[in-house]
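Participant: Here's the letter readout for the chains.
4 protein chains.
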Amino acid sequence: MGAVNGKALIDRLDQLKSEIWFDGEMITGKLSEHPAFKGILKTKASLYDLQLDPSLANELTFISPDTNKPTGLSYLKPKTKEDIVKRRKMMEHWARQTKGMMGRSPDYINSVIMAFASSASFLKGKEKCFPENIQSVYESAMSKDLTFTHTFVTPQVNRSLFNYNTSKEPIAAKVIDHNEQGLVIKGARLLATQGGLTDEVLVFSTPNFFLEEDEAYAFSIPSDTPGLKFICRESFVGGDSTFNHPLSSRFEEMDSLVVFDDVLVPWNRVFYYGNIEASVNFLLKSSFHCFALHQTITRQIVKSEFMLGIAQLLVETIDVGEYQHIHEKISEFIIGLETMKALLEKSEQNSELDEFGTMRPHLPPLQIASNIFPNIYPRFCEIIQIIGASGMVTLPTEKAINSSIGSNINHYLQGSDRTAEERIKIFRLAWDLTMSSFGTRQIQYERYFFGDPIRMSSTLYNTYPKAQYVKNVCEFLDINSEGTC
Amino acid sequence: MGAVNGKALIDRLDQLKSEIWFDGEMITGKLSEHPAFKGILKTKASLYDLQLDPSLANELTFISPDTNKPTGLSYLKPKTKEDIVKRRKMMEHWARQTKGMMGRSPDYINSVIMAFASSASFLKGKEKCFPENIQSVYESAMSKDLTFTHTFVTPQVNRSLFNYNTSKEPIAAKVIDHNEQGLVIKGARLLATQGGLTDEVLVFSTPNFFLEEDEAYAFSIPSDTPGLKFICRESFVGGDSTFNHPLSSRFEEMDSLVVFDDVLVPWNRVFYYGNIEASVNFLLKSSFHCFALHQTITRQIVKSEFMLGIAQLLVETIDVGEYQHIHEKISEFIIGLETMKALLEKSEQNSELDEFGTMRPHLPPLQIASNIFPNIYPRFCEIIQIIGASGMVTLPTEKAINSSIGSNINHYLQGSDRTAEERIKIFRLAWDLTMSSFGTRQIQYERYFFGDPIRMSSTLYNTYPKAQYVKNVCEFLDINSEGTC
Amino acid sequence: MGAVNGKALIDRLDQLKSEIWFDGEMITGKLSEHPAFKGILKTKASLYDLQLDPSLANELTFISPDTNKPTGLSYLKPKTKEDIVKRRKMMEHWARQTKGMMGRSPDYINSVIMAFASSASFLKGKEKCFPENIQSVYESAMSKDLTFTHTFVTPQVNRSLFNYNTSKEPIAAKVIDHNEQGLVIKGARLLATQGGLTDEVLVFSTPNFFLEEDEAYAFSIPSDTPGLKFICRESFVGGDSTFNHPLSSRFEEMDSLVVFDDVLVPWNRVFYYGNIEASVNFLLKSSFHCFALHQTITRQIVKSEFMLGIAQLLVETIDVGEYQHIHEKISEFIIGLETMKALLEKSEQNSELDEFGTMRPHLPPLQIASNIFPNIYPRFCEIIQIIGASGMVTLPTEKAINSSIGSNINHYLQGSDRTAEERIKIFRLAWDLTMSSFGTRQIQYERYFFGDPIRMSSTLYNTYPKAQYVKNVCEFLDINSEGTC
Amino acid sequence: MGAVNGKALIDRLDQLKSEIWFDGEMITGKLSEHPAFKGILKTKASLYDLQLDPSLANELTFISPDTNKPTGLSYLKPKTKEDIVKRRKMMEHWARQTKGMMGRSPDYINSVIMAFASSASFLKGKEKCFPENIQSVYESAMSKDLTFTHTFVTPQVNRSLFNYNTSKEPIAAKVIDHNEQGLVIKGARLLATQGGLTDEVLVFSTPNFFLEEDEAYAFSIPSDTPGLKFICRESFVGGDSTFNHPLSSRFEEMDSLVVFDDVLVPWNRVFYYGNIEASVNFLLKSSFHCFALHQTITRQIVKSEFMLGIAQLLVETIDVGEYQHIHEKISEFIIGLETMKALLEKSEQNSELDEFGTMRPHLPPLQIASNIFPNIYPRFCEIIQIIGASGMVTLPTEKAINSSIGSNINHYLQGSDRTAEERIKIFRLAWDLTMSSFGTRQIQYERYFFGDPIRMSSTLYNTYPKAQYVKNVCEFLDINSEGTC
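Listed in order, the protein sequences are those of chains A, B, C and D. So for the first sequence, the UniProt record's numbering puts the first residue at 1; every next one is plus one. So for the second sequence, the UniProt record's numbering puts the first residue at 1; every next one is plus one. So for the third sequence, the UniProt record's numbering puts the first residue at 1; every next one is plus one. So for the fourth sequence, the UniProt record's numbering puts the first residue at 1; every next one is plus one.
Honestly, I wouldn't trust all of these hints.
Claimed, not checked - As a list, the in silico BS3-like pairs of lysine-lysine whose alpha-carbon atoms are at most 30 Å apart:
id	chain 1	residue 1	chain 2	residue 2
1	A	Lys30	B	Lys399
2	D	Lys81	A	Lys86
3	A	Lys399	B	Lys38
4	A	Lys471	D	Lys86
5	B	Lys81	C	Lys186
6	D	Lys471	A	Lys42
7	C	Lys174	B	Lys38
8	A	Lys399	D	Lys471
9	C	Lys79	B	Lys81
10	B	Lys42	C	Lys89
11	D	Lys399	C	Lys186
12	D	Lys89	A	Lys471
13	D	Lys144	D	Lys30
14	C	Lys174	D	Lys399
Bear in mind the hints are in silico, worked out from the structure with no lab data behind them.
Construct all of the structure, not just a fragment, from the sequences and the given hints.
Facilitator: Have a look at this one:
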């Protein structure tokens with residue numbers, strides 16, 4: 001089959017019978033008509049339409065050698081640097097369509113599935129590991145153009161260092177049984193973004209200090225698997241009006257708590273289980289981080305460009321471009337954006353074939369970028385608030401502008417060389433990006449996208465090759481350099 | 001009459017026929033029943049009830065020597081340091097009732113009116129100045145226990161340094177005529193918080209570089225004066241549930257654009273007009289800044305205490321109190337709070353009788369505090385977000401907890417030694433404070449409470465007595481110290 | 001005897017036969033003539049002369065009830081708030097004389113000795129504790145106007161959390177024996193500032209996680225006690241010229257490693273030993289921290305005033321006072337200085353009689369100030385560097401100005417309304433304060449004055465009373481508040 | 001002739017009769033034996049020896065097509081990307097030899113001379129412009145392997161925005177006359193690093209707001225041209241011992257005030273004069289900034305590597321590698337270093353042939369890097385100070401270690417797995433880098449290397465292409481995008 005269009009996607013998702021709970025009620029009607037989901041699904045559909053647009057088909061799809069059909073480029077296993085660049089350009093297209101606001105745009109997990117499949121042979125012959133299932137999920141996803149979410153955070157009951165969960169009923173989802181049909185999973189995972197709005201959900205554990213055998217698994221199952229529940233948070237859609245809520249009306253993705261109520265995962269869906277070593281090493285040795293980061297950094301760059309545009313548009317709208325402190329603030333955007341771009345480019349330039357024959361973007365520059373963005377994104381938002389100043393609070397609605405009081409608004413809220421309507425549109429966008437519930441959730445999302453920033457810097461410290469630099473200093477000082485680092 | 005209770009206040013406000021525009025419609029029903037206003041008015045009423053509570057009457061009211069009635073303490077003209085402390089304790093009571101979230105709690109402008117009245121004799125004999133009108137507004141306000149808002153920001157059309165508005169139709173409100181009845185005002189002002197929700201609105205110009213004669217005025221008029229319009233922004237009330245929206249359901253004050261459509265200000269309401277020098281100097285020489293800042297810093301301290309409580313409660317709820325970086329973050333709250341308190345206390349200790357016989361809190365420490373808070377408040381919010389981490393996004397609603405999916409929520413979202421319900425209440429509060437539209441508007445509000453932070457530091461630089469310090473250095477170096485600073 | 005003059009002090013120190021090692025040689029001549037020490041000793045002498053200046057005697061000394069002689073005010077046991085203020089004013093005088101640059105000005109340890117003596121009764125009846133010795137050291141110090149240094153840091157061999165020193169030869173100084181004469185001490189302590197330049201050295205252990213019994217001691221001994229060695233670091237005196245090195249020529253104090261080579265501490269000099277509990281609790285319960293901090297914060301405030309003067313003098317010298325970013329930078333000084341002052345004042349206002357009958361400055365505000373200064377001091381230095389810019393590098397010497405090339409210097413390095421000579425004096429001062437070896441050592445000194453800033457914030461977190469704030473939040477949320485904090 | 005060795009260089013410099021004033025005296029003996037200069041000249045000589053080392057000749061020199069001799073690679077006019085990389089590798093070699101501490105290593109101005117020569121045709125036919133002189137200076141420099149400094153800052157008399165120098169005697173160097181022989185220059189320039197220690201000095205004006213005709217010139221003259229004086233600042237050489245002062249004994253370059261006392265610049269040395277437009281545009285259109293920045297960023301990266309090595313060596317020496325805050329601090333080095341590297345690499349990857357046929361590194365990434373380094377360099381120094389803590393103050397000298405007190409030092413100052421001698425070497429290096437007069441001058445030097453950081457961000461703001469980003473936002477909002485930016 002290969003790449004599908006937006007309508008096909010929506011029809012398929014509307015037919016899924018996932019158990020989604022919203023504000024205390026189980027959703028029964030069409031997802032695409034629900035006020036909390038219709039905006040994001042429409043936007044998602046637009047991404048699928050894009051890939052069938054003849055003028056873009058070449059940039060968004062490739063002809064699968066297996067099926068001979070046009071297939072989403074995020075599924076392409078890259079063999080050359082050109083493939084890497086091709087993949088990135090595809091992701092830029094989608095990110096521009098969503099202004100970088102859709103964290104779980106389908107290319108994200110598609111890339112993960114592709115990375116898993118590319119590295120599956122690592123699991124060959126290992127106990128309780130089924131690399132062939134990864135390959136078949138990949139092939140099925142590619143041929144049906146499926147969408148996925150994934151979930152990996154354990155519930156935040158207790159973050160103490162020496163905490164060890166002792167409750168009898170599992171809290172973090174774990175394997176509580178297995179039988180002829182498959183594994184039985186009970187417990188919960190936090191924060192499946194777009195939970196219930198995708199065809200499948202990919203579940204795996206991230207390595208941590210106290211990983212237990214019954215938590216060392218990975219699998220992918222359809223969203224409507226019996227016993228699987230998605231419990232939504234409050235919706236951050238501000239309303240239908242794209243004038244009033246230009247971002248949340250289109251890009252609010254929803255996050256949900258995922259509950260596994262004795263969920264049966266069929267054997268042919270299990271990637272591995274009960275093997276701590278394989279579980280930890282597969283994530284380290286596979287190209288997972290490379291491709292997940294390659295997509296994310298690409299998206300974050302597009303988002304940064306959008307934010308720079310907004311910041312500068314604010315500057316021009318209220319005519320503050322002559323101030324030195326404004327130059328400093330916009331320079332922060334420029335420096336952040338260009339730094340991210342240089343790191344992404346370096347990662348691509350230095351990409352290498354891995355042991356599984358896949359061309360990987362070079363990981364370290366992406367890792368650096370992923371340590372930078374959680375710091376600059378909140379600062380970008382803060383700068384936009386500071387440039388906007390009191391204008392960020394004066395936010396009449398579309399209805400008000402079109403009402404009999406509209407003429408007053410038009411006169412008194414005009415911008416420098418901008419009508420009031422344009423001015424309000426611009427400020428509402430800045431507000432929706434940085435001050436609405438949608439906007440602040442984006443801040444939190446980017447801040448923790450790859451985990452706790454403090455742990456990320458420990459990882460960077462521990463993995464970065466520092467020994468040669470220390471050795472050079474020892475040589476300069478003419479002192480012993482053995483055993484450093 | 002003197003101090004009134006909450007019901008009296010609400011009845012009075014419901015009977016005012018102010019022209020308030022909300023989402024394109026003019027409000028016609030009772031304000032106290034409107035979804036956007038009922039929460040804040042109920043909270044405001046609770047403040048008035050408090051002052052009639054016998055156990056607090058002594059701390060919240062004084063017996064006016066004129067009327068011999070219990071009168072709100074914010075109207076007390078202080079003559080001693082004890083009066084200053086009494087005033088502050090009254091304001092603490094109200095701030096605790098509102099957790100420091102109500103920027104325009106009535107004591108704020110009451111204090112300004114009191115300060116104006118205390119300093120009115122400054123205007124005696126000056127051209128186009130009517131100190132007697134200030135006194136009569138003060139007396140009327142005190143005896144009827146009125147509430148006020150004020151408005152002083154000019155619309156943000158163009159912030160260029162050398163911009164000079166040349167549009168024919170006025171944008172910033174100005175005197176366009178005067179006749180036997182009074183002044184005629186046309187134009188707009190930005191950001192009357194609680195605009196239309198108070199008995200009166202106090203209007204005056206703040207000194208700036210290009211102040212024109214027709215903008216050099218001050219007056220107070222009832223909110224339902226003909227031609228006066230309040231155009232609201234979107235409401236940030238998240239909903240009625242105090243579980244879901246513990247702050248916005250109670251404390252969302254609304255901001256509005258104030259339009260003067262040929263408003264006639266009767267002569268007995270005019271404080272001064274058409275006198276640039278008096279306009280500028282009255283604000284500088286009167287005790288306005290002292291008392292406005294004394295109330296604000298008091299409120300901000302109470303707010304900081306509330307925030308420290310929330311931050312520490314989060315720490316305990318997810319049991320992260322052992323981490324050094326948590327100690328650093330909570331220490332930032334402690335240091336900020338104690339700094340604000342020390343400055344307030346110094347201001348009170350060093351209070352002095354002014355030339356008008358009023359005991360004033362010493363201004364410089366309050367000014368320093370007002371330069372500090374706009375920096376620490378956004379940082380406090382950021383720290384709360386960082387401590388809360390992923391928990392800030394998992395926000396089920398009251399309805400969800402009470403529904404059939406509630407048991408799942410109760411199990412999987414429990415805290416360390418907290419039920420899920422308690423845990424969610426705590427996190428929803430943290431969210432409403434720092435990430436809801438209500439919360440981010442509070443950030444912007446505190447950031448700009450006393451104006452652009454950059455201009456505030458220029459003011460501090462220009463007014464702070466540096467000469468003696470420079471001279472001491474010159475003496476140490478044995479160089480000429482004349483003409484420094 | 002009581003307060004002595006500078007000459008008496010110098011004569012006494014010149015006669016001490018302390019074992020001081022400088023650049024590999026043991027010093028044999030007069031300390032007051034040694035290039036590394038003559039500047040600081042001359043400055044120290046000027047402090048003693050000051051207290052005998054008739055016009056200041058009243059502010060710097062008090063009549064001791066025991067000896068009926070004028071005695072240095074730093075020895076006064078305060079009984080009233082007025083005594084606290086009197087003590088502070090005395091310390092301001094000395095700090096102004098030294099521009100806050102002398103960290104071990106005699107009033108510092110004098111205050112510690114006084115605090116120890118005031119609280120000595122805490123040790124009464126405790127095992128291996130000799131409160132009477134504290135009292136006699138205090139009385140002797142007061143009557144002879146002695147000067148002290150102290151030392152408490154253990155050598156920085158290994159800072160790992162779980163490090164436990166296992167070397168056979170002690171590194172940190174400990175009790176290795178005791179006999180009829182007294183204790184025998186072997187090992188080292190780090191960083192006695194002015195080590196060897198004072199009459200006595202006070203030695204005690206600060207509480208830490210792994211305090212051993214043989215490290216739990218306190219005593220004071222003369223600097224020339226046999227076996228006691230002071231090993232100096234490199235001198236940071238830039239030269240004799242006060243033109244070239246206005247600060248280091250006067251205020252460089254020297255730091256030294258203190259080695260105890262089987263030093264015998266006579267019993268009448270021992271305050272306590274071998275009692276971990278007493279050792280820990282005496283420092284916590286005595287007024288030690290209150291008075292040590294009261295002196296330090298007073299000194300740091302005077303230093304901040306001096307720095308603000310320098311910064312502003314630079315601004316005027318190159319005429320950059322019109323720039324907004326300069327206003328922001330100078331405002332940082334003002335805010336920092338006024339914050340420190342308000343905290344000191346609050347500490348004095350809230351001082352209280354302790355269980356031993358001593359009036360103590362309130363500790364928490366001083367503790368907050370001691371958490372603030374290590375952050376603002378390096379920033380003050382950085383701002384001075386940034387204002388000075390390229391001028392900080394163009395530093396001709398006194399000799400150059402007075403040479404035949406002087407006319408060129410005079411012409412080309414003139415300032416705005418300043419001669420080149422004045423301009424160079426000003427910049428050399430700014431340089432000596434922030435960029436000379438003397439200046440950077442001051443940065444490190446202030447940064448670590450009360451220990452590792454990270455541990456200080458843990459202490460603040462752990463000792464600050466947060467429970468009431470948490471409880472208030474719980475009440476607002478109507479949730480259980482028992483067991484918080 | 002082509003590339004020469006160190007001895008040839010030193011002999012040549014010793015024979016120059018430049019007028020250098022040091023501490024009020026004119027230097028008459030050999031420069032290479034003067035205590036203030038011998039270290040840096042020895043280091044400089046080592047760079048020249050390196051290029052004649054057979055094992056490196058290929059990487060450090062090229063065969064000049066004109067002379068057919070091995071010639072310093074910094075003189076190579078690059079025609080391909082490979083040439084750019086070759087140039088960078090050469091500069092890395094030299095930077096590693098000097099640890100990035102020599103700001104005026106000869107490749108810096110050599111690259112500028114090459115850039116000028118490559119772009120000289122821009123000046124062809126323009127009034128008062130002599131492109132042929134640039135070419136002949138370049139050829140002579142290349143064939144004789146000359147070294148240069150340059151100077152461009154005007155004395156800092158008054159930095160007020162609207163200051164206009166009105167003194168009769170020129171302060172900033174300007175053309176006061178011209179005659180048959182050439183131009184006559186009078187006045188001064190600030191901060192020629194290595195002034196008098198190079199064969200020639202390149203003088204040109206940087207564009208600024210008030211550039212006058214008589215300041216619009218460029219030329220290069222021998223350092224011993226009559227009337228040219230170099231007035232040195234105080235020397236920051238700490239001493240000869242590389243143990244005590246590992247950096248300043250080798251790398252202290254000296255800065256000097258350059259005075260032109262009616263200096264005659266022969267016509268064949270004049271590049272242009274009296275042509276403001278040419279003066280401004282030549283610097284903008286030539287490859288000057290590209291090649292100057294390419295060298296500088298390369299040097300700064302090598303310096304950053306050295307600093308990371310030192311920081312990590314400190315961490316290991318006192319065994320603090322387990323602390324999270326240490327991970328964060330070392331991560332700052334890693335992130336800074338990798339960011340600089342990615343930007344440099346991007347600049348090379350995107351290098352392009354300019355209109356003069358020269359392959360140029362792409363400017364924008366280098367410009368970003370030059371905005372980043374002035375911020376991270378002082379922070380790197382601060383982190384090193386913070387990691388080193390009290391160890392940065394305990395600095396015994398080489399002589400002390402080798403004296404009879406040495407055994408005490410050896411015992412008490414040992415590190416974790418390091419002897420005291422090694423430990424002290426390491427800390428003295430960290431101190432010399434960040435806290436000695438040499439080290440703080442390096443901080444100031446890097447902070448202002450390309451000028452005032454505030455002006456640099458204004459330049460970035462004004463030159464960065466923002467319009468497309470603004471346009472994209474306008475399209476998203478469906479508003480007019482004409483005339484933006």
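Participant: Now look at each hint and say whether the structure bears it out.
Facilitator: Verification of the hints:
With a C-alpha separation of about 22 Å, the suggested pair lysine 30 of chain A and lysine 399 of chain B falls inside the 30 Å cut-off, and the hint holds. Distance check on the hinted pair: lysine 81 of chain D and lysine 86 of chain A sit about 24 Å apart at the alpha-carbon level, within 30 Å; holds. Between the alpha carbons of lysine 399 of chain A and lysine 38 of chain B the distance comes to roughly 22 Å, so the proposed pair stays at or under 30 Å and holds. Of the pairs offered as hints, the one joining lysine 471 of chain A and lysine 86 of chain D holds, with about 25 Å between alpha carbons and a cut-off of 30 Å not exceeded.
The suggested pairing of lysine 81 of chain B with lysine 186 of chain C is violated, with an alpha-carbon distance near 58 Å, which exceeds 30 Å. At most 30 Å may separate the alpha-carbon atoms for a hinted pair to count; lysine 471 of chain D and lysine 42 of chain A meet this at roughly 24 Å. In summary, the hint linking lysine 174 of chain C to lysine 38 of chain B is not supported, as the alpha carbons are separated by about 71 Å, beyond the 30 Å threshold. Taking the CA atoms of lysine 399 of chain A and lysine 471 of chain D, the gap is near 26 Å; set against the 30 Å cutoff, the hint holds.
Of the supplied pair hints, the one linking lysine 79 of chain C and lysine 81 of chain B holds, its CA atoms being roughly 25 Å apart against a limit of 30 Å. Note on lysine 42 of chain B and lysine 89 of chain C: the hinted pairing is violated, with a Cα-Cα distance of about 52 Å set against a maximum of 30 Å. About 25 Å separates the Cα atoms of lysine 399 of chain D and lysine 186 of chain C, which keeps this hinted pair within 30 Å; it holds. About 20 Å separates the Cα atoms of lysine 89 of chain D and lysine 471 of chain A, which keeps this hinted pair within 30 Å; it holds.
For the hint linking lysine 144 of chain D to lysine 30 of chain D, the alpha-carbon distance of about 21 Å falls within 30 Å, and the restraint holds. Proposed proximity of lysine 174 of chain C and lysine 399 of chain D is supported: the alpha carbons are some 28 Å apart, at most 30 Å.
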